[in-house]
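Trainee: Here's the letter readout for the chains.
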Amino acid sequence: KMRSDPHLFQDAVRSAIEPIIEKVNASLDMSESNDSKWLTLPPEVFVPAKKQIAPFKHCHIGTRSPLHAQALIRELQNQQITINVNGTQIKTGKLYLDFADVTQRSAAKSNRMQKQDPSLQLTLIGKDFDLPGESSKPECTSTTNDVVVPGLICIHDFVSEDEEQVLIACLTGPNAPWAPEQKNFSKTGAVKRRVQHYGYVFDYESADVLRNRKDEEEKTLCPPMPCLPGDSWTKEMLDLFSDNAVKEGSGWDILAAVVERTRQTEFDDNDNEASPVKKRYPDINQITVNEYKRGQGIGSHIDTESAFSDGLISISLGSDCVMEFKHKDTGVKKLVHLPPRSLLLMSSDARYIWNHQIVTRMTDCVNGKVLPRKTRVSLTLRTAITLPSGEGKNDTTPLAKVETRVFPPKWGKVSESEELEDEDISTPETEREHVHAVYDAIATQWHHTRGKRGVLWPGATKFLKELPKGSIVADVGCGDGKYFPAIWEAGSYVIGTDISEPLLQTSIGACANADTNKAGPQNRQVSSSKMGLNSRPAVAVGDCMHIPLQSKSCDAAICIAVMHHLSTSSRRIRCLKELSRVVKKGGMINVQAWALEQESNSKRKFAGTDVFVPFNAQPRYLNKVNANGEKKSQESQNIDEKCKGVAEMYSDAYEGAEYDERKGLVVFQRYCHMYKEGELEDLVSKIDSLEMVGSGFESGNHFVILKVV
Amino acid sequence: MRLLTHNYMQSTVKGTEKGYPLKIEADKVEYEESPFDAEFVKALIPKLNYEILSFALGQIVEKCKQDIEEVQIPELPENIGEDLDEELLKKLHTVLFDLHVVEGHLICPDTGRRFAIKMGIPNMVLHADEM
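Quick note, the sequences are listed as chains A and B, same order.
Heads up: the first sequence is residues 263 to 971, going by the UniProt record's numbering.
Heads up: the second sequence is residues 1 to 131, going by the UniProt record's numbering.
The hints are simulated quantities; they were obtained by calculation from the structure and are not laboratory data.
Everything numeric in this text was worked out from a predicted model, so none of it was measured.
What you were told as hints is all true, and nothing was included just to trick you.
16 Å max Cα-Cα, derived EDC-like pairs, lysine to aspartate or glutamate:
#1 A:K731 x B:D37
#2 B:K14 x A:D686
#3 A:K731 x B:E39
#4 B:K47 x A:D817
#5 A:K319 x A:D273
Construct all of the structure, not just a fragment, from the sequences and the given hints.
Mentor: Next up, the structure:
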């Protein structure tokens, strides 16, 4: 009875960990406030409902505080302990502890945790909890090497490292078509991870493919699959095409090439050794992209038989993971290590009679080695089939392929023409969240680590020096006014505009006086005759889509490191038009923007034309403004602050920021468009009033020198 | 915000014809003396819209007289020629560089849209429906 009652088992574990928790609590200073008292409450210990079958092999421990979780891991990992189950002393096997954030676990849905509880849920996976004396083995693929799953094939290095990098940047980048309002596709909330569908929508609620390609309520058309130009692609041509796509940073082209490579691959049939047949899946017509953050997994399942034909393919990018296969009748288990860049084929038995799952945890153990999980992007390639026909058998005819060469593929109807003559210049959400809000937040640190160092592009400095004395210069997107001293020293007057008010504020009185001993970088020094300008630089908050300066009023303009934050070509063209509008006829304009092509010695390398470039922010420098530009009230912060680390709190306050737990940093993702060689020139050629007088590449940037005509 | 800067600014609100010159409603002005550079002033004068500079000074002069004690607010001649004596250059220097509108509003002459000036920085960003 003792062993069949989960409550007795839970109580035993609870008392066993009690001393550890008390030790942590004793070390905490609880004098400051009552608010944090609840952090000292003992953890909840429970055996998940599904696992309440004796003998108990593992349990969950929901802690109130990360400190508790850390102490438990420190004290218990790999240890054998004795627990007292209703008076009987039982020595456990070696314990294996893993943890996951409650918010990432389906278990969070159970009401065991308070919503605001920041604790970690600790999973004790003691393999042999109930077998005294025997040491446990954490889950490990080698223990299942002898188990054969017919129809399961794993090909390593199906995707190259270069392809992987560009694919991940593209599929998790600013243009990735994540399923809109995912709850519409999963009203039960079954899917917490981010997903993308191409070709046909997979609906998690009905566990079926939506053959009309759109959700009934939303009427949103699924993005088509990216395809290659033309047909009859040989393997060599595909590789060449993909190499080029890597150089061009075009993830969509690589995705198209990987799909075609998969369609052409001949898989050995390990299911039927007597009469080996090669298997091929040329009709693949659906892609689902899943992003598994560290600690996320997927429950045990067999893909709906009436939705997809035989042959399911999963390509892993970015992280290792162990997939668990379990025979649906016998319960026999097989653990398969999926290294990054590998392709896994599930066919015949592996597809129809073995369940597969990815256990929710932070690490995997492969042949004795613990592999921490990272963010894993998986590409699931499947062949969706026609509706089951009446009472008879399924019509297994593959659905028609829906493909496109218009990138990025988008939800909803997309114009067939490649050049979208879109005049819309309103600020897209991407820029609002991933450019404007980011700079508002990081302004102080940006100024300290960038502008203050006074690193100027020599080309831009030369351009400014050559302007006639007394020139009025518009610095559009001036940021913290990095170029102001160079402009003043050249004898000109600068009016700076920028969308970020916090950044502009850092420009005030920012430079050192060369005549004192307060030596700063040379480019940040101003001579005493210019100190008046420096103490109150001429700046205005303004949008480069509507520069708040009079037409034909300035003698020159610079626009440096701005255009790479504009996310559509209509906005890039508008920016150039605005620059040409405010400058007098005959006046000069210098535009610089980040280049896709970086020098080989550069620490920067961009895996795509449209990417997120992370900015690691130290919480103490962050401006206390949220994405809507409203100051957070001091009161509401106090309560949060008690429960959470400051960095974690800030990452919550900003859209598009993530909390780096290990480094205590807030990681912002800045949207950037990387210009290919010749791209700026192409844009300029569309504007009649601009004549190009020079162009080039400098320190990872493309630049153009323009004359207003 | 200096009157020199104001000379170049305009409103870009939808429905604006010229958006220029912006009216100034000053709530707080400050004086900060800066080094006088005759050559620099001379170089800037021909680039200025002098009429608008006079207009701008007229908009803030009362506020300047209230808020500023350090100096007498210069009066500008109706027109200026090519020959500028040192006294006039100094006056122009003060008006162009040393008077600052710190708090207040810029107002679009066509639409009446008010742009706030805070800590000397005018905010000219438009709302989505004004573009």
